[in-house]
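A.B. asks: Below, each chain spelled out in residue letters.
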Amino acid sequence: MSSTVISHDAAHHDAHGHHHETFLTKYIFSGDHKMIAKQFLITGIIMAVFAMTLSLLFRIQLAWPDKEFPILEVFLGKWAEGGRIKPDFFLSLVTIHGTMMVFFVLTAGLSGTFSNLLIPYQIGARDMASPLMNMLSYWFFFVACVIMVASFFVESGPASPGWTIYPPLSAVPTAIAGSGLGMTLWLISMTLFIASQVLGGVNYISTILNMRTKGMDLWKMPLTIWAFFLTAIVGLLSFPVLVSAVVLLIFDRSVGTSFYLSDLVVQGQILPNEGGSPILFQHLFWFLGHPEVYIVVMPALGLTSEVISTNSRKPIFGYHAMVYSLVGITVLSFIVWGHHMFVTGMNPFLGGVFMITTLIIAVPSAVKSFNYMATLWRGNIRFTPAMMFAIGMVSFFISGGLTGLFLGNAALDINLHDTYFVVAHFHLVMGSASIFGMLCGVYHWYPKMFGRMMNEKLGYFHFWLTFIGAYLVFFPMHFMGVDGVPRRYYAFTEFAFMEKWMSVNLLVTWAAIIAGVGQVAFLVNFFGSIFWGKKATQNPWNSNTLEWTTPVEHIHGNWPGEIPTVYRWPYDYSKPGHNEDFIPQTVPFSETMSSNMPHDFEGNEEAIRIQEQWNKENNRVVEG
Amino acid sequence: MNLKINNGFKSIAGLLLLISLFFAAPVSALQNDSTVVDTTVVADVAATTAAATVDSTAADSSATATVAADDASTTTTATAKAEEVKKIDPQVYKNFFYYVLLFLVLCTIVAVIGKIHSVYVLTRKMNGKYNEYGNNNLQAVLFLIFLVVFLGFVYYGYDVWGSWAWRDAVTEHGKDIDRMFMITLVIITVVLVLTHIVLLGFTYIYRARAKRQAYYYPHNDAIERLWTIVPAVVLTVLVLFGFFTWRSITNVPEELQKEAIQIEVLAEQFKWNIRYPGTDGQIGKRNYKLTTPTNPYGIDFNDKSSWDDLQPQDIVIPVNKSVRFHIISKDIIHSFFIPDFRVQINAVPGMTNYFQFTPTVTTEEMRDKMNDPSYDYIMLCNKICGEGHYNMGKKVIVVTEAEYKEWLAKQGKYFTEDLQKEFASNNVSEGVKTASLN
Numbered sequence: 001m002s003s004t005v006i007s008h009d010a011a012h013h014d015a016h017g018h019h020h021e022t023f024l025t026k027y028i029f030s031g032d033h034k035m036i037a038k039q040f041l042i043t044g045i046i047m048a049v050f051a052m053t054l055s056l057l058f059r060i061q062l063a064w065p066d067k068e069f070p071i072l073e074v075f076l077g078k079w080a081e082g083g084r085i086k087p088d089f090f091l092s093l094v095t096i097h098g099t100m101m102v103f104f105v106l107t108a109g110l111s112g113t114f115s116n117l118l119i120p121y122q123i124g125a126r127d128m129a130s131p132l133m134n135m136l137s138y139w140f141f142f143v144a145c146v147i148m149v150a151s152f153f154v155e156s157g158p159a160s161p162g163w164t165i166y167p168p169l170s171a172v173p174t175a176i177a178g179s180g181l182g183m184t185l186w187l188i189s190m191t192l193f194i195a196s197q198v199l200g201g202v203n204y205i206s207t208i209l210n211m212r213t214k215g216m217d218l219w220k221m222p223l224t225i226w227a228f229f230l231t232a233i234v235g236l237l238s239f240p241v242l243v244s245a246v247v248l249l250i251f252d253r254s255v256g257t258s259f260y261l262s263d264l265v266v267q268g269q270i271l272p273n274e275g276g277s278p279i280l281f282q283h284l285f286w287f288l289g290h291p292e293v294y295i296v297v298m299p300a301l302g303l304t305s306e307v308i309s310t311n312s313r314k315p316i317f318g319y320h321a322m323v324y325s326l327v328g329i330t331v332l333s334f335i336v337w338g339h340h341m342f343v344t345g346m347n348p349f350l351g352g353v354f355m356i357t358t359l360i361i362a363v364p365s366a367v368k369s370f371n372y373m374a375t376l377w378r379g380n381i382r383f384t385p386a387m388m389f390a391i392g393m394v395s396f397f398i399s400g401g402l403t404g405l406f407l408g409n410a411a412l413d414i415n416l417h418d419t420y421f422v423v424a425h426f427h428l429v430m431g432s433a434s435i436f437g438m439l440c441g442v443y444h445w446y447p448k449m450f451g452r453m454m455n456e457k458l459g460y461f462h463f464w465l466t467f468i469g470a471y472l473v474f475f476p477m478h479f480m481g482v483d484g485v486p487r488r489y490y491a492f493t494e495f496a497f498m499e500k501w502m503s504v505n506l507l508v509t510w511a512a513i514i515a516g517v518g519q520v521a522f523l524v525n526f527f528g529s530i531f532w533g534k535k536a537t538q539n540p541w542n543s544n545t546l547e548w549t550t551p552v553e554h555i556h557g558n559w560p561g562e563i564p565t566v567y568r569w570p571y572d573y574s575k576p577g578h579n580e581d582f583i584p585q586t587v588p589f590s591e592t593m594s595s596n597m598p599h600d601f602e603g604n605e606e607a608i609r610i611q612e613q614w615n616k617e618n619n620r621v622v623e624g
Numbered sequence: 001m002n003l004k005i006n007n008g009f010k011s012i013a014g015l016l017l018l019i020s021l022f023f024a025a026p027v028s029a030l031q032n033d034s035t036v037v038d039t040t041v042v043a044d045v046a047a048t049t050a051a052a053t054v055d056s057t058a059a060d061s062s063a064t065a066t067v068a069a070d071d072a073s074t075t076t077t078a079t080a081k082a083e084e085v086k087k088i089d090p091q092v093y094k095n096f097f098y099y100v101l102l103f104l105v106l107c108t109i110v111a112v113i114g115k116i117h118s119v120y121v122l123t124r125k126m127n128g129k130y131n132e133y134g135n136n137n138l139q140a141v142l143f144l145i146f147l148v149v150f151l152g153f154v155y156y157g158y159d160v161w162g163s164w165a166w167r168d169a170v171t172e173h174g175k176d177i178d179r180m181f182m183i184t185l186v187i188i189t190v191v192l193v194l195t196h197i198v199l200l201g202f203t204y205i206y207r208a209r210a211k212r213q214a215y216y217y218p219h220n221d222a223i224e225r226l227w228t229i230v231p232a233v234v235l236t237v238l239v240l241f242g243f244f245t246w247r248s249i250t251n252v253p254e255e256l257q258k259e260a261i262q263i264e265v266l267a268e269q270f271k272w273n274i275r276y277p278g279t280d281g282q283i284g285k286r287n288y289k290l291t292t293p294t295n296p297y298g299i300d301f302n303d304k305s306s307w308d309d310l311q312p313q314d315i316v317i318p319v320n321k322s323v324r325f326h327i328i329s330k331d332i333i334h335s336f337f338i339p340d341f342r343v344q345i346n347a348v349p350g351m352t353n354y355f356q357f358t359p360t361v362t363t364e365e366m367r368d369k370m371n372d373p374s375y376d377y378i379m380l381c382n383k384i385c386g387e388g389h390y391n392m393g394k395k396v397i398v399v400t401e402a403e404y405k406e407w408l409a410k411q412g413k414y415f416t417e418d419l420q421k422e423f424a425s426n427n428v429s430e431g432v433k434t435a436s437l438n
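Chains A and B, in that order, are what the protein sequence lines are.
Residue 412 in UniProt numbering sits at position 412 of the first sequence, and the numbers go up by one each step.
Residue 318 in UniProt numbering sits at position 318 of the second sequence, and the numbers go up by one each step.
Within a straight-line C-alpha distance of at most 30 Å, the following computed DSS-like cross-link-like pairs (lysine-lysine) qualify:
1. B/94 with A/78
2. B/211 with A/535
3. A/500 with B/369
4. B/129 with A/457
5. B/115 with A/535
6. A/457 with B/211
7. A/500 with B/394
8. B/413 with B/321
9. A/67 with B/395
10. B/395 with A/86
11. B/304 with B/285
12. A/535 with B/129
13. B/175 with A/500
14. B/125 with A/535
Derived from the structure by calculation, the hints contain no laboratory data.
Generate the whole structure from the sequences, applying the supplied hints.
C.D. replies: Structure, rendered in structure tokens:
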């Protein structure tokens, strides 16, 4: 309640504004959404670099399985004895790479950053509904990251049963070394992470529903906000299920229960567990795991919608269709999880049902892609680095999404399940697409976050390296998958039919190394521009949304005076009759008489009458 | 204003140069060293080895000195330390710093090129010749070039890698899967090519130009409906096709299930155990609690149908006969995956999964077709199962009916004489116990 009062009473707010800000309250335990967004982003970037390094390590192993790299031993010690990565450490690398990328980078780093930054800014709120929960959300996430990284300092090594941590492999330490203390740390880290996501999600939803400024009805919200809103709902409904899965696994591991375990003889030892089912875990895991894919990709879709519209200088095509397809994805994402389990021994009839729901979810995704293209049509496209990444994102979303038609089809999945085809598919559609959505957001909203511009030239350099690199890395993997090469294989040396792929592995690894090193261009640009970037203007991209009406210098409460009122939707770009190619949401229709359309008034007869009178007086002819 | 643009970049470039200089000073010596080593390898090898030996001997002798001074109990740790010192060759560090330096030089070059470009842009601006849309056009052209290269790359992939990857299925149901795969492939390739031509073509055609205004076009319900319905119809066709194929593979009528040859596969870390039913056609019961070192499979020999169960090394199956696999696991989840057969099902502890199929091409025929006399069908583990996961395969051999019968007759039984004795003695003692209880 009090925050509502504050948000509409500027004078009252000013009296509040002079908190004593110490280093600790400003940078560490900050409740300010802008600072928390930066914390999420920088932590996410650090995690991304860490996880990317892990991926380079296992790519090196795959490209040169017989070669020694003594330098690896310097850094990794016994896990790379003699300069060669060991098989169980290889599995740890794969596991932690996946976990960090999916959860820490693409969930927290992406939606954590931009939900926090943009929700209050774009709906016109002074801050989040609960700054305290917001702060807790970050610190839970931070601790989760620390614990996950700490598992590299454990004697038995980090968790290694794949990011899906299927029991019994993850439950029985005798089956694999990583399932000892490393797995315990993984589970603790994930529990904290889920707490962070739930705190964040509640906050995002309540902020969007309750704290929109005057005039900002749901259908005037930018697509970014719609995407964050629906993402938060998906997260809030699905993450708790993962908690239950994780907690039951902790019980199985530490207390001796048998939720997931039955009939086990591991290393000649008959285990006492009876009556559990490993399939139960898979159901619980994928009930989160599949929506998680959309948690990762929907914010990216939201950010690119905004960036593509702004830089095409055109309204996003089919705003309502874009929102409805997001809603469709949200609902359907909860009933498709079984497509990860077609060949696990789930009832085959159920597999058939999941196959139908899975292919239905391709329809809203297709609508979104077509609408992006229609937005570009007859636009006036400015290629800012953000726009480059947005176009790249659409390309990945299409090329990765299309291969989903194979995997979603239960009959075809028989031969492709768990092969490199799957790796290629999800790295394109959710990995690369989401990373590109995130980078597009970073380049676009950097001036808002740090008050400075990023270097454009380095931005283009970074884009082309990453875009070409990602295609070179992931596209060839489809063919390995069709040939039947399983994922998570330590080396391709043991089976004759895989040996032909060694040359492709070399190509993939070199592309990965070059694209990976190319990220230094981004890091230099990102961290350098904080200090030395060109000072940003208030609205550098000539954008319509509310965040660009705030001053460049961050202030407590975002707007110095009253929160602006919103009069129109956020996509009035290049409206015929207006003297500029954009009309911010805060401009009332009375100031844009020359460009108003009958549709704008939503059936308000008085306004239509005034407009018609004006049109007559000024000899303006309105089409449609 | 214009100068300010470059201030940030200048500082970055300067910083990079500074960093590289900082590293260059001490490391260049190392780098020279390593280049010397690189270029005059032949001449220097002896010298380097000698130096290395001297180094390690020095380390050794110092370690020995420590050992001598210390208690005998620390001997082991000291030698361990000495070994460590020996193990990491200084050349390793040299190489590492060499690459770091190389990278920094690369950074500097990039920075210098950026700098030169900035200067160029500035002079153009001062002469009033600067084209505001120059960079925009450049990026649009690059997207167009990318489009061409990308389509070429896709073609190359299909042509070269596709031919490496593709082998026709050698099972009856696999043919249905292949047909559906091809139909889907054609659809997605057409969509991929068209959407990319449109996406990247539009970015080129509608790049920003002076005096150009975008067309205000917020929606068109008819078009949107069209591109909702068309994908929906295409997907419905694929779904129906896929659904019926899937049902025909997984939903085998009961009498066909019974007619098939039954084979049990037990997965464990990191090998596969195979059990054929023997003459009675029945696979005996298994109880994991009965697992012992002599009976690692855990076969329940109280069930008499287990007495004639066979224990072969490879999976051998007759061509054109329906085979029903019972897939079980001893420890953790594995996956029974035969790419050539389009067969996969997980091996899950605590439950039995089934996969029934009919192979249509014998191994010999396949070898002729592939023109590779050593070609074999292979069954792989396709679910992450531990450090030996990448090396957990089993040969699958498809033979003619006659060869199959001949081969089957030669296989040994699980119920070996040793086990029979053990079983008999156990039964006697259990019998005694029961008697005494009564």
